[in-house]
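S.K.: Listed below, chain by chain, are the residues.
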Amino acid sequence: MNATKELIDKLQQDILHWQGFKQQGTASAEAIGLGAIECAFPNGVFPKKAIHEFITVEPEHAAASAGFIAGILKTLLLQGGVCLWISTSRTFFPPSLIAFNVAPEQVIFVDAKAEKEVLWVMEQALKCGGLAAVIAEVKEINIIQSRRLQLAIESSKVTGFLLRNDPQKLGSNTCVARWKITPLPSVLEDELPGVGFPRWQVDLLRVRNGNPGSWKLEWVQDAFRPVVDVVEKEEAVVKLMTGHYA
Amino acid sequence: MMNKRFICLWFRYLLTDWLTLKRPELKEVPFVFAASVHNRVVVTAANSLAEAQGAFKGMALADAKAIAKSLEVVPHIEGQEEKLLIALGEWCIRYSPQVAVDLPDGLILDISGCAHLWGGERGYLKEMLTRLISKGYHVRGALADTVGAAWAIAHLGKVKPIIEPGGQAEALLDLPPAALRLEPLVLDRLHKLGFYTIRSFISTQRSALRRRFGQDFLLRIDQALGYEDEPLTLLQPAESYLERLPCLEPIRTRTGIGIAIKTLLECLCERLYKDGKGILVAILKCYRLDGEIIQIQIGSSRASSHVARLYQLFELKIELIRPKLGIELFMLEAHKVGDTDSEQEYLWQPEGCGLADKSLSALLDTLANKIGADKIHRYLPQERHWPEKSLKLASSLKEPPATSWREDRPRPSLLLPKPVSIHVSSILPDNPPMFFIYKGVRHVVKKADDAERIERPWWEDKGQHRDYYVVEDEEGRRYWIFRSGHYHDERSGWYLHGFFS
Chain C
1 MNATKELIDK LQQDILHWQG FKQQGTASAE AIGLGAIECA FPNGVFPKKA
51 IHEFITVEPE HAAASAGFIA GILKTLLLQG GVCLWISTSR TFFPPSLIAF
101 NVAPEQVIFV DAKAEKEVLW VMEQALKCGG LAAVIAEVKE INIIQSRRLQ
151 LAIESSKVTG FLLRNDPQKL GSNTCVARWK ITPLPSVLED ELPGVGFPRW
201 QVDLLRVRNG NPGSWKLEWV QDAFRPVVDV VEKEEAVVKL MTGHYA
Chain Y
1 MMNKRFICLW FRYLLTDWLT LKRPELKEVP FVFAASVHNR VVVTAANSLA
51 EAQGAFKGMA LADAKAIAKS LEVVPHIEGQ EEKLLIALGE WCIRYSPQVA
101 VDLPDGLILD ISGCAHLWGG ERGYLKEMLT RLISKGYHVR GALADTVGAA
151 WAIAHLGKVK PIIEPGGQAE ALLDLPPAAL RLEPLVLDRL HKLGFYTIRS
201 FISTQRSALR RRFGQDFLLR IDQALGYEDE PLTLLQPAES YLERLPCLEP
251 IRTRTGIGIA IKTLLECLCE RLYKDGKGIL VAILKCYRLD GEIIQIQIGS
301 SRASSHVARL YQLFELKIEL IRPKLGIELF MLEAHKVGDT DSEQEYLWQP
351 EGCGLADKSL SALLDTLANK IGADKIHRYL PQERHWPEKS LKLASSLKEP
401 PATSWREDRP RPSLLLPKPV SIHVSSILPD NPPMFFIYKG VRHVVKKADD
451 AERIERPWWE DKGQHRDYYV VEDEEGRRYW IFRSGHYHDE RSGWYLHGFF
501 S
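Going down the list, the sequences are from chains C and Y.
Numbered per this note's numbering, the first sequence spans residues 1 to 246.
Numbered per this note's numbering, the second sequence spans residues 1 to 501.
Don't read these hints as lab results, they were simulated from the structure.
Among the clues, some could well be false.
[Claimed, not checked] Interface residues of chain Y toward chain C, partial, derived using beta-carbon atoms under 8 Å:
(1) R140
(2) R453
(3) R456
[Claimed, not checked] Which residues of chain Y face chain C? A few of them, derived with a C-beta cut under 10 Å, are:
(4) T366
(5) I376
(6) H377
(7) L391
(8) L415
(9) P419
(10) I422
(11) V424
(12) K446
(13) V470
(14) G476
Every residue, glycine too, gets a C-beta built ideally from N, C-alpha and C.
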């Protein structure tokens, strides 16, 4: 029995290896600041050499996803790294990055004419080792297009983020993870009035070779922080009332 | 040291000659250039026909018109003289490599050691003048040991155009003081004192001359006589970075065109590299067998002499070249060049990141060439409160922020390009609404921050200020809404401007 398990573990590792997930030395060195969520990925490491897909239906979701990505960018852009933001109709407001400790001048915006152009620019950008991350806003992407992007990424170590604005169909593609970030009511300590720290419901809908799951996070003092139990009750009530996250 | 020799060319009717060349119908017409100076319209140049009728440079146009009948007037073109002189000077480089422009209407050539190539000074000057005259310019030229003497003889000499070495002092004696290129004020004073020729004051004591006419006066005399050097600002012949590749067999394939571009780039980049320069804009011309010329252009945001990188830029455009019967000649020109940063600098950049990264600027070049440079933006903070104006476009990849970003107030992740009007209800002064309707959905405001009032800059317009609120609805969605104007004001309205994460 034990031998079988060992064999299966070994085979799983091999498969991961063949799929491009290299065994990292220490997980902590590669940590991206997402805490428990990182365990959902193979080997417990957030895949940087990959494309992450974010489903955003409403602008509110897009805003939440932008905040969540900005939180990840904070770690990716350490030491003056640069990222590219590609879109056709940009509403993203650079000064908002300040709240996530990312310097807006380190982001280069590319305004493409059409979706096709966005994907072309993204493919070029993903090949560029001089970038830390590439973010692109696209409505649709098919499996062939996503495979092209994945191939481009393999020659560099750039992290790709796809913001799927109001997608008509969520077909299958080769993105390593599919996320959905929804805003949650913020809570200020001691019941103070006013709007608190950004807080999100983070749903990892699909992970290649990993375990999907749901988490609650907030952004406090330049770091992601899991939402603690004390307030979970309140969340539960809200959930019941709205029925939104049931 | 070799004896210096100078030629001064004086284009007496520079502007009018040029216009006559351009518009031959003016050949028989008296005409002047005129420009308004201090509320007066003044003649700035007159052709010989106009001068014959009494209209001279410097006259008020009204006077000139009164004197000369049927006078044509052409508006003055600012800086045209200099442009013409530079062009003429560049043409003159065939006679001497050292040519300087002498504004407003002359050229100075340092011809030391050049004349023997044309069989002596006489033949040299004659050849130069005949060719300029045959071009259609009125020109007078003189040759002497010093710039000052050559200038004097060219403008005012009456005896001979070539002053033998060492003869300048004697040649100048009978000329009026104006030959020394003096200030009008000094000339006026000399005239009043009765000094009509240089001879009349040249032997006066220097200290007396300095006291009366100033140091510049003595300098001009010394320069004309050759006691003092006169530095010239020489025209730099523009070195063109151009490479040609004639083909024995016409090129018809994409591979062939690629090889041609690579070969040309290699030659050109080697030259550029030696000069420490790089290509900013390069133009490739393909001469086709059927006589057509196809031209493609690439641009680089950083001056580069890197063959592979420049080739990548061309590669994107090769498909625009239709060879048809074939291309017999390729010509590559570095249209705009710039100084390259030395390779050394890159060694100190952290590997693979940062705005100074080479592969990043290569990527941006590729993007700019395909989708246009105006589609690529980078933002820097600007000290303005109005949200839309709180950032400005960076002019380059390396421009550092001049000020810091504001951190005291939160800014939304998404900002609508135009605020959207929303319906609100239950409003109280100094408070956000209890609920609002945006795109048909009713949002109950559960939490809100205090208002942030943002005024319009007083110098811009008299529009209304905005009171911004960060609000959160019952589902936790966070918005940036504002009331424009005062609560009591009838014109005030509520708008949604952004989404917080």
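S.K.: The structure should be examined with respect to each hint, and the outcome stated for every one.
M.R.: Do the hints match the structure? See the list:
1. R140: Interface hint status for Y/R140: violated (60 Å vs cutoff 8 Å).
2. R453: Because about 17 Å separates Y/R453 from the closest Cβ in chain C, which is outside the 8 Å limit, the hint is violated.
3. R456: Violated, about 19 Å.
4. T366: holds, 6 Å
5. I376: holds, 5 Å
6. H377: holds, 4 Å
7. L391: holds, 6 Å
8. L415: Status holds, d = 4 Å.
9. P419: violated, 12 Å
10. I422: Y/I422 check fails; min Cβ-Cβ to chain C is 14 Å, beyond 10 Å.
11. V424: Hint on Y/V424: violated, closest Cβ of chain C at ~18 Å, above 10 Å.
12. K446: Holds, because the Cβ-Cβ distance from Y/K446 to chain C comes to roughly 7 Å (cut-off 10 Å).
13. V470: For Y/V470, the interface hint holds, since the closest Cβ of chain C sits about 5 Å away, which is under 10 Å.
14. G476: Since chain C brings a Cβ to about 4 Å from Y/G476, closer than 10 Å, the hint holds.
Consistency note: the structure conflicts with the earlier hints numbered 1, 2, 3, 9, 10 and 11.
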